[in-house]
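Q: Letter by letter, the chains look like this.
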Amino acid sequence: MSATTIPETPLPEQSSDLIGSGQEGGLLDQAKGYLQRLRSGEMGALPAVLGFLVLSGLFTALSPFFLTERNFANLITQAATLVMLAMALVFVILLGEIDLSAGVTAGVAMSLFVVLSDPGGIAMNWILALVVALLSGLAIGAFIGFFVARVGIPSFVVTLGLFLGFQGLQLIIIGAGGLYRIQQPEILSIQNSNLPTWGGWVMLAVILAVSLGMSMLDRRRRARAGVPNRTIALMWIRLALIAVIGGVVVGLLNQNRGTGFLAVSGVPIVVPITLTILWFGTLVLDRTRFGRYIYAIGGNAEAARRSGIKVIGVKWAAFAVCSTLAVVAGIFSASKVGSVDAAFGRDIVLSGVAAAVVGGVSLFGGRGRLIHGAIGALVIAVITNGLGLLNLPGGVNFLVTGGVLILAATVDAVSRVRAGGSIIRR
Amino acid sequence: MNAPIIELTDVKKSFGPVSVLKGVGLKVYPGKITALVGDNGAGKSTLIKGLAGVQPYDDGVVLFNGEQVHLHNPREASRLGIEVVYQDLALCDNLDIVQNMFLGREETATGIFDEGRMEREASETLRSLSVRTVKSVRQKVSSLSGGQRQTVAIARSVLKSARVVILDEPTAALGVAQTEQVLNLVKRLADSGVGVLMISHNLVDVFQVADYISVLYLGQMVASVEASRTTSDDVVGYITGSKTYNGEAA
Chain A
1 MSATTIPETP LPEQSSDLIG SGQEGGLLDQ AKGYLQRLRS GEMGALPAVL GFLVLSGLFT
61 ALSPFFLTER NFANLITQAA TLVMLAMALV FVILLGEIDL SAGVTAGVAM SLFVVLSDPG
121 GIAMNWILAL VVALLSGLAI GAFIGFFVAR VGIPSFVVTL GLFLGFQGLQ LIIIGAGGLY
181 RIQQPEILSI QNSNLPTWGG WVMLAVILAV SLGMSMLDRR RRARAGVPNR TIALMWIRLA
241 LIAVIGGVVV GLLNQNRGTG FLAVSGVPIV VPITLTILWF GTLVLDRTRF GRYIYAIGGN
301 AEAARRSGIK VIGVKWAAFA VCSTLAVVAG IFSASKVGSV DAAFGRDIVL SGVAAAVVGG
361 VSLFGGRGRL IHGAIGALVI AVITNGLGLL NLPGGVNFLV TGGVLILAAT VDAVSRVRAG
421 GSIIRR
Chain B
427 MNAPIIELTD VKKSFGPVSV LKGVGLKVYP GKITALVGDN GAGKSTLIKG LAGVQPYDDG
487 VVLFNGEQVH LHNPREASRL GIEVVYQDLA LCDNLDIVQN MFLGREETAT GIFDEGRMER
547 EASETLRSLS VRTVKSVRQK VSSLSGGQRQ TVAIARSVLK SARVVILDEP TAALGVAQTE
607 QVLNLVKRLA DSGVGVLMIS HNLVDVFQVA DYISVLYLGQ MVASVEASRT TSDDVVGYIT
667 GSKTYNGEAA
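Protein sequences, first through last, are from chains A and B.
For the first sequence, this note's numbering begins at 1 and goes up steadily by one.
For the second sequence, this note's numbering begins at 427 and goes up steadily by one.
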């Protein structure tokens, strides 16, 4: 869409009495529209998806271990924590804010959990302890939100302060040098147990059914309102893509990846949990007021305020959501590692931010979707996993990850300018 | 003459020791365009921010449709049907036209957006204002030209049966053709029965569309006249303070 349309000539009369909505036309028109959007800088997750494919291809060529059933399952459980954390951070990054304390928030909450549920100590019911951990995440988020939204301190400063402070709090809760093993089989099973073979297929069927159902519902609603629907072929293509990709993933995970006598196969339990949160979070961000207002505030906070949006409240809630989901990421991590120590969660937050940005969530706010965070996290996880297999020195991992982040941020900045924004942030 | 839809009497506002509005009166009539003119710092923006509920007045009486109202926040003003189109447009670049027009008042069914209905209403509103320059209502606002943005901002204000629309410098920063379009849009707005209050620095624009002209000078309303009964020279005189208006307030 060119920005210079002066003098504007009236468009030819359309058959319907409505102004176009970009939903008209067949597959070809839709493809053209998509290319147009790409060119104008709305690339979404495309660079990250390409990056994921290229990196996967590269590592497959370089290491015979990369594309094995075992490593594939390993990659997914390694990535799960980062995926969850990146999705948590998306809620605040969309506002144009940041939460550097998300990792240590998970650390504090999980420290509380292990200390409270320790059978040799306080021995609280583990479900209750888990609820306490999640609520403490909520409370921490509200605390951050108070200082950012109400007092007006930049989120960078508030959460940097908490990043330092919470490391101390964690030390106090756990005790210096202490380490608690996770003793609840339920928690451990999240990352270490798998769905039965048929369970994976059922999961895929549910995903397809939900996707189909939502699409049909949307189409019915749009038809009732009298506005055009996208050609139905697009919906089938989308479903077919999900079916193929999902089929390959489930198929791979259902192979026996055990060593020796013990057969190990199936989709790790963490996968359906993550997908459910992704689905629900996307619903909230795309289709509810709360989500829309997050985007509006990230785009133009003053415009949002003038539209009668309670900016303070929305920011507050977004930080609470972020911290709570960060605790979920902490649960995944504890399940994978099997223990919680005083340094739990300290190192991961910057990877989470990097994941969101790599996935296509703009640090400037207002642009990006929840799934972009998840895809970006997969890219980062592939780098870590692949380089690990190549037996390169540990430093290389950081160098490559950092390079990818800067590349992604460059793509973000360039596409922002192409989309009509200015280099200098308003 | 019709009864005014908005009538301000003796409105005051100060920021600390600086008194910006020193007892201002103003009338806006339904179906008519009232131009509010005045030099920089005369208090125009402060006056409309009070009407929008963004910055409440300290003192004074606001009558809406003959009844006294208190405008403490934007929602209050919006509930009465007072809509403001700001100079800096207050649109979100990252959202599309429909999303911007419905921002803060989305149509939902059980908490979930009814996008189809919003799209239809947005489209119908643009059509009712004879807007022909927008190709798709699902375009991102960042891809629109200045005139198109102004159009969206004005359409947004009338989406929900507005009774008074306040326009802050609607033609500033627009080219000739686009200015013409926007002024036509403003006229159609008034023709539909809405009371229009338009702030402008451009007296050519003002005389082209306004029915009444009100002049603010250093926080005081120094003249309120029918546009047909005054001249550009006189208005410039009132704005700069070199002439005094002696007639009846219109």
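Hints in this document: simulated from the structure, not taken from any laboratory.
Check before you lean on any hint, since a few could be wrong.
Unchecked claim - Simulated crosslink set (DSS-like; lysine-lysine; CA at most 27 Å straight-line): (1) A:Lys310 / B:Lys586; (2) B:Lys475 / B:Lys438; (3) B:Lys438 / B:Lys669; (4) B:Lys561 / B:Lys475; (5) A:Lys310 / B:Lys475; (6) B:Lys475 / B:Lys448; (7) A:Lys32 / B:Lys561; (8) B:Lys669 / B:Lys448; (9) B:Lys586 / B:Lys669.
Please read all numbers here as calculations on a predicted model, not as lab measurements.
Q: Work down the list of hints and note, for each, if the structure agrees.
A: Hints, one by one, checked against the model:
1. A:Lys310 / B:Lys586: 20 Å, holds
2. B:Lys475 / B:Lys438: Cα-Cα ~12 Å, so holds.
3. B:Lys438 / B:Lys669: Within the cut-off at roughly 24 Å; holds.
4. B:Lys561 / B:Lys475: Since the Cα atoms of B:Lys561 and B:Lys475 sit roughly 33 Å apart, the hinted pair is violated (cutoff 27 Å).
5. A:Lys310 / B:Lys475: 18 Å, holds
6. B:Lys475 / B:Lys448: Distance of about 15 Å is within 27 Å: holds.
7. A:Lys32 / B:Lys561: Holds: A:Lys32 and B:Lys561 sit about 15 Å apart, inside 27 Å.
8. B:Lys669 / B:Lys448: Judged against 27 Å, a Cα distance of about 19 Å means the pair holds.
9. B:Lys586 / B:Lys669: 41 Å, violated
Checked against the numbered hints given earlier, the structure breaks hints 4 and 9 and satisfies all the rest.
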